[in-house]
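Chains A and B, in that order, are what the protein sequence lines are.
What the first sequence shows, in my numbering, is residues 1 to 487, in sequence order.
What the second sequence shows, in my numbering, is residues 1 to 494, in sequence order.
It is possible that part of the hints are untrue.
[As the list claims (entries may be wrong)] Facing chain A, according to a computed beta carbon distance under 7 angstroms, are these residues of chain B, among others:
(1) Val54
(2) Pro88
(3) Lys92
(4) Tyr108
(5) Arg280
(6) Pro285
Just so you know, these hints were derived from the structure itself, not from any lab.
All C-beta atoms in this analysis are idealised placements derived from N, C-alpha and C, irrespective of residue type, glycine included.
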Amino acid sequence: MEWTVRALQEQISAGQIRSEEVVKAFFERIDKIEPQVGAFLTLLKETAYEQARSVDEKIAAGQPVGPLAGVPLAIKDNLCMTVGPTTCASKMLEHFYSPYNAHVVENLKAADAVIVGKTNMDEFAMGSSTENSGLKRTCNPWNTSRVPGGSSGGSAAAVAARMCAAALGSDTGGSIRQPAGFCGVVGLKPTYGRVSRYGLVAYGSSLDQIGPITQTVEDSAILLNVIAGYDSRDSTCVSEDIAPVPDYTADLEQPFEGLRIAVVESLLEGAQIEVQQVIAEVLKIYEAQGAQLVPIQMPHFDYAISAYYVIATAEASSNLARYDGVHYGYRSSRAQDYIEVYSKSRDEALGPEVKRRIMLGTFALSSGYYDAYYLKALKVRNLIREDFTRAFEQADCLMLPVSPTTAFRLGEKTADPLQMYLADIYTIAVNLAGVPAASIPCGLDRSRLPIGFQIVTAPFTEQTLLRIARMYERCTCWHQQLPEIAQ
Amino acid sequence: MKMSDSYTIVVGLEIHIHLATRSKMFCSCELVYGQPPNTRVCPVCLGMPGTLPVMNKTAVEYAVLTAMALRCQIAPLTKWDRKSYYYPDLPKNYQISQYDLPIGSSGYIEISQEDGGTKKIRIRRAHLEEDAGKNIHDAGGYTAVDLNRAGAPLLEIVTEPDMNSPVEVRALAEELRRIVRFLGVSEGDMQKGHMRFEPNINLHIQRNGQVFKTPITEVKNLNSFRALERSIAYEARRQYEEFLEIGRTLQMGNKKTFGWDDEQEITVLQREKEEAHDYRYFPEPDLVPVRLTPEWLAEIESRLCELPLAMERRFQREYGLSRYDAGVLTAERATAEFFEQTMRLGAEPKRVCNFLTQAGLKIANELSVPIDRLRITPETLAKLAQMVESGLVSTTAANLVFEQIAREGGEPEVIVREKNLLQSSDGGQIEVLAEAVIAEQPQAVRDVVEENKKAKKALGFLMGQIIQKAGGQVNPKLVSQILQQKLNALKGKP
Chain A
1 MEWTVRALQE QISAGQIRSE EVVKAFFERI DKIEPQVGAF LTLLKETAYE
51 QARSVDEKIA AGQPVGPLAG VPLAIKDNLC MTVGPTTCAS KMLEHFYSPY
101 NAHVVENLKA ADAVIVGKTN MDEFAMGSST ENSGLKRTCN PWNTSRVPGG
151 SSGGSAAAVA ARMCAAALGS DTGGSIRQPA GFCGVVGLKP TYGRVSRYGL
201 VAYGSSLDQI GPITQTVEDS AILLNVIAGY DSRDSTCVSE DIAPVPDYTA
251 DLEQPFEGLR IAVVESLLEG AQIEVQQVIA EVLKIYEAQG AQLVPIQMPH
301 FDYAISAYYV IATAEASSNL ARYDGVHYGY RSSRAQDYIE VYSKSRDEAL
351 GPEVKRRIML GTFALSSGYY DAYYLKALKV RNLIREDFTR AFEQADCLML
401 PVSPTTAFRL GEKTADPLQM YLADIYTIAV NLAGVPAASI PCGLDRSRLP
451 IGFQIVTAPF TEQTLLRIAR MYERCTCWHQ QLPEIAQ
Chain B
1 MKMSDSYTIV VGLEIHIHLA TRSKMFCSCE LVYGQPPNTR VCPVCLGMPG
51 TLPVMNKTAV EYAVLTAMAL RCQIAPLTKW DRKSYYYPDL PKNYQISQYD
101 LPIGSSGYIE ISQEDGGTKK IRIRRAHLEE DAGKNIHDAG GYTAVDLNRA
151 GAPLLEIVTE PDMNSPVEVR ALAEELRRIV RFLGVSEGDM QKGHMRFEPN
201 INLHIQRNGQ VFKTPITEVK NLNSFRALER SIAYEARRQY EEFLEIGRTL
251 QMGNKKTFGW DDEQEITVLQ REKEEAHDYR YFPEPDLVPV RLTPEWLAEI
301 ESRLCELPLA MERRFQREYG LSRYDAGVLT AERATAEFFE QTMRLGAEPK
351 RVCNFLTQAG LKIANELSVP IDRLRITPET LAKLAQMVES GLVSTTAANL
401 VFEQIAREGG EPEVIVREKN LLQSSDGGQI EVLAEAVIAE QPQAVRDVVE
451 ENKKAKKALG FLMGQIIQKA GGQVNPKLVS QILQQKLNAL KGKP
């Protein structure tokens with residue numbers, strides 16, 4: 001059985017295999033693999049079978065079905081669903097049931113997808129290893145002593161171990177691309193405003209974006225087709241008059257003629273040698289197809305991490321203020337007055353990284369510090385945007401590593417948050433600029449840990465981005481590599 | 001106590017006005033009052049995880065319209081900011097408001113003064129924000145939270161400290177209420193808490209050629225004109241006494257916050273020192289800035305109407321009405337417009353004014369509708385007024401006709417005929433009746449003729465007798481005229 005979205009969808013729609021059988025096969029894999037990986041916070045067996053049977057009935061009755069008919073998917077647990085809790089991997093929301101479905105969840109349902117479970121993540125999407133989950137530990141399927149990356153670590157691990165055909169994640173500073181890289185799968189962060197954030201529990205509102213984590217580039221295109229588009233409930237979502245949503249699968253197989261690839265030499269130096277070597281190989285494969293390398297400068301790239309940790313934490317400190325024990329979520333039983341309802345509930349239910357970021361953000365927005373931190377960070381953000389604009393005047397895309405290293409050991413960086421922050425160097429600037437980027441598997445290091453490379457393109461050119469990604473994928477077989485655990 | 005002290009009261013006012021939009025500021029929940037707690041809420045106004053605000057365009061237009069009426073400069077580009085503070089009635093623990101780019105700034109409002117003049121009070125800013133919910137503290141040992149009001153659109157208007165008496169502050173508050181009701185942007189219903197006031201008060205005390213300024217106090221959350229006026233008068237007295245006692249003057253950070261005890265009519269200290277509030281304002285990332293294009297502004301401006309005070313003054317000038325009458329007519333836009341439409345049909349101003357301000361407003365109040373929703377039209381009112389003018393019906397009868405038309409509709413001529421209310425202006429008939437009464441009432445006639453103490457009363461009595469004989473349907477002016485003639489004729493005799 002081939003496990004890609006495309007293959008499953010085709011066979012199910014054609015009636016060659018029933019969705020219920022497919023779902024059963026995936027749950028059997030989950031039963032076998034999940035105890036070692038721990039990708040899921042909630043499994044939705046009952047509703048998954050119901051959805052599968054309803055798709056099977058439609059097909060049997062000859063009714064039309066959606067583009068994800070009967071395909072088992074997983075959803076990061078910061079996307080609101082009325083089925084099962086929406087926890088954000090936080091004790092604060094451990095028993096929280098959302099009264100509504102996120103926009104993307106509505107779209108998946110309308111496309112007849114089957115949702116098998118909600119995946120683990122860093123608490124409120126704050127982290128790069130999923131170790132900040134307040135509820136569960138997730139291991140990298142390629143080596144269970146390694147982190148899966150984060151914050152969408154559960155989604156990436158689930159796809160890598162083929163416990164679902166594909167998954168949705170969210171990316172604020174690399175949270176789709178970096179775990180996809182660590183787990184050897186494809187991760188796409190669309191342009192800010194391409195996918196509605198309605199129902200995505202906010203971390204950094206001006207940076208957050210939902211995207212697919214898949215086995216192949218084509219699957220990414222299929223999922224993006226379903227989730228992209230205007231939604232009046234998200235004011236930052238871009239109208240289709242301004243940026244129409246194309247069929248992302250349409251010209252996927254058509255190579256980009258005369259491709260110009262921007263490369264920033266100085267940036268590569270910080271990466272692990274094996275990562276540098278693999279990136280060089282990637283570029284050669286493109287050159288062999290007629291692409292031209294354009295060396296460029298990104299003069300403000302170095303300031304991205306600082307600016308990011310001001311802007312994201314400032315927004316987070318405000319976004320997370322609502323988790324106060326008053327209206328929903330965890331409430332301390334030890335509170336003596338209403339101030340203590342706030343302080344004790346938050347103290348007991350939020351993890352250390354979340355607290356750290358709330359404090360950072362609160363400080364950055366405090367009167368007397370606003371200009372020096374928040375306002376300055378916004379200026380840096382504009383300069384970084386301009387860096388990208390200039391890059392895309394000279395080239396069609398920018399290629400970068402996803403992460404300086406392959407998946408690190410569980411516990412290796414937890415004691416040093418700054419080291420953890422610095423590892424986001426290649427992914428963060430993309431969020432500040434709001435441009436689309438994808439992480440594509442391109443090799444294994446000597447410990448058989450996946451390496452990914454990153455393609456970045458101009459705003460709302462996901463179609464181009466996916467075509468460029470496919471040019472590489474069709475010449476290589478890294479996307480077909482499976483971790484031992486999943487074979 | 002030095003009797004030589006004189007002082008000026010200095011007051012600036014913050015006003016919160018609920019806008020009468022159909023839905024809330026950032027979600028589609030219907031805005032209705034008096035519903036069971038937490039029944040007019042949705043995930044957005046409850047601040048549930050993952051929700052996002054969507055701006056209510058009508059609320060922005062209402063705010064712009066009001067700012068225009070207050071002669072404010074309108075920001076071509078405005079935006080939203082988050083104001084952070086923790087309180088149980090604030091679901092997100094931040095309020096979406098406007099910080100450095102308010103919709104309106106640097107305007108003014110004209111208020112009427114007791115001497116009939118006007119005074120300009122400068123407006124510092126006018127901005128939009130969302131309201132919080134309500135904490136209900138007597139929920140059986142608990143505090144309950146009702147979020148029906150959370151997310152309601154609020155227009156906050158801040159004046160400069162340009163008012164110098166409790167009466168002036170009240171005049172401003174009432175004028176503002178009249179304006180927003182004229183514009184149709186708020187119901188301005190005080191009972192429903194549509195307007196809340198927060199005055200900042202201090203005194204400038206003149207003593208021995210020097211001016212001493214007392215520390216500023218802010219009185220929170222006043223929701224009636226009476227409380228507003230009285231709290232300021234009370235604060236002025238309290239501050240003067242405190243100054244005499246301890247002589248403290250205005251300094252950075254010695255602002256105090258008071259509440260108002262409506263029972264005892266005193267202010268109650270809430271916060272001794274102005275806490276170093278840090279609201280950590282920053283631009284709301286979930287909303288996009290609002291560009292008020294010239295086209296959009298022109299469209300909003302076209303909805304601007306003549307302001308009530310200007311109209312009041314014009315009614316005095318053009319129609320010779322008293323300030324009181326003009327004030328009553330311009331209290332509501334519907335009444336004022338009804339009046340003007342009737343005027344255009346050539347009716348007599350004072351008479352129409354009386355119909356409207358007496359019977360008209362009484363019935364409208366009774367049915368709780370604006371006057372233009374009564375069954376009477378400017379056309380029928382003009383006709384009725386004309387009938388009184390030409391003596392066809394008495395004022396009393398006309399009021400009955402007015403009431404019937406107002407409630408049930410109909411044409412004045414038809415009703416007058418059906419109810420037999422046409423008054424006689426037949427001089428011959430009245431002469432016959434007058435002669436009969438004079439013959440029947442020799443004592444009263446004597447009193448009049450002798451012009452003794454009872455003369456006036458007797459004349460009235462004779463008038464009454466004639467009208468009674470005519471069954472009430474006579475023109476009293478004509479009766480008086482004819483009776484006088486006959487009595488004068490008697491006086492002439494020896």
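How the hints compare with the structure:
no., hint, verdict
1, Val54, "holds, 6 angstroms"
2, Pro88, "holds, 5 angstroms"
3, Lys92, "holds, 5 angstroms"
4, Tyr108, "violated, 30 angstroms"
5, Arg280, "holds, 4 angstroms"
6, Pro285, "holds, 4 angstroms"
In this structure, only the earlier hint numbered 4 is contradicted, and the remaining ones agree with it.
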